[in-house]
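Generate the whole structure from the sequences, applying the supplied hints.
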Amino acid sequence: SQQGEEDPQALSIQEGENATMNCSYKTSINNLQWYRQNSGRGLVHLILIRSNEREKHSGRLRVTLDTSKKSSSLLITASRAADTASYFCATEETSGSRLTFGEGTQLTVNP
Amino acid sequence: DGGITQSPKYLFRKEGQNVTLSCEQNLNHDAMYWYRQDPGQGLRLIYYSQIVNDFQKGDIAEGYSVSREKKESFPLTVTSAQKNPTAFYLCASISKYSSATRDEQFFGPGTRLTVL
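For the record, the sequence lines run as chains G and D. Going left to right, the first sequence walks through residues 2 to 112 as our numbering numbers them. Going left to right, the second sequence walks through residues 2 to 117 as our numbering numbers them.
These are calculated hints, taken from the structure and not from any lab test. Among the hints, erroneous ones may be present.
To be verified - Cross-link-like lysine-lysine pairs, in silico, BS3-like; alpha carbons within 30 Å at most:
1) D:K58 / G:K71
2) G:K71 / G:K57
3) D:K97 / G:K71
4) D:K10 / D:K71
5) D:K97 / D:K71
6) D:K10 / D:K84
7) D:K58 / D:K72
8) D:K84 / D:K58
9) G:K70 / D:K97
10) D:K72 / D:K10
11) G:K27 / G:K71
12) G:K27 / D:K97
13) D:K58 / G:K27
14) D:K84 / D:K15
15) G:K57 / G:K70
16) D:K97 / D:K15
17) G:K57 / D:K97
Stated by the list, open to error - Just so you have them, the derived chain G footprint on chain D, three or more residues with Cβ under 8 Å:
18) 46-55
19) 103-110
Idealized CB from N, CA, C, for every residue including glycine.
Written out as structure tokens, the structure is:
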């Protein structure tokens, strides 16, 4: 079953603009994670936010988590062409044994 | 360098053949995972193993088998019973104990399987 759903499915912006992606989920979670995937490659972990946290920053990344709305957002500030990739959210349910991934947002940053 | 390796990068299989995809990690992680990714879609969990000699089915285990005889290795066999095996296969591992990277999944580069 698909837990996380990203929105939008695709996003195209100009270099220097900010990119915001959203993720909704259905069940109680231990944490929510964001991953990045360049075409044809493995996923790379970006940031993890635990259920008792509301906001987290890492470089140009800002993640928020609203457990009451079961949603999260990933903000990439001052985007670069190299940020072009697919971004996935993944949730670890309270059973703690596995992650469930969403369908992803395809981000294109135009130079 | 610590990491996860998958081999081969590309694999071609004739219908009716079993094939085995390799996944090795030297991160000393206890848990390992296999995912399938179809074009333009997210990851679906095939099997996972939290400890040596133990593994659990994921959401799409039918037509696949795994073994976990060593902590470092978690091979996936795609059997002839898998009706539509052409996909990108990703292996991952996780540490539940590292304070720095606890709960983060580390991914291999993937194997692209094509059935001819």
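Going down the list of hints, with the structure as the test:
no.: 1; hint: D:K58 / G:K71; in the structure: 26 Å, holds
no.: 2; hint: G:K71 / G:K57; in the structure: 16 Å, holds
no.: 3; hint: D:K97 / G:K71; in the structure: 24 Å, holds
no.: 4; hint: D:K10 / D:K71; in the structure: 22 Å, holds
no.: 5; hint: D:K97 / D:K71; in the structure: 18 Å, holds
no.: 6; hint: D:K10 / D:K84; in the structure: 21 Å, holds
no.: 7; hint: D:K58 / D:K72; in the structure: 18 Å, holds
no.: 8; hint: D:K84 / D:K58; in the structure: 18 Å, holds
no.: 9; hint: G:K70 / D:K97; in the structure: 27 Å, holds
no.: 10; hint: D:K72 / D:K10; in the structure: 22 Å, holds
no.: 11; hint: G:K27 / G:K71; in the structure: 7 Å, holds
no.: 12; hint: G:K27 / D:K97; in the structure: 24 Å, holds
no.: 13; hint: D:K58 / G:K27; in the structure: 21 Å, holds
no.: 14; hint: D:K84 / D:K15; in the structure: 12 Å, holds
no.: 15; hint: G:K57 / G:K70; in the structure: 17 Å, holds
no.: 16; hint: D:K97 / D:K15; in the structure: 39 Å, violated
no.: 17; hint: G:K57 / D:K97; in the structure: 20 Å, holds
no.: 18; hint: 46-55; in the structure: holds (count 3)
no.: 19; hint: 103-110; in the structure: holds (count 7)
Of the numbered hints given earlier, the model fails hint 16 alone.
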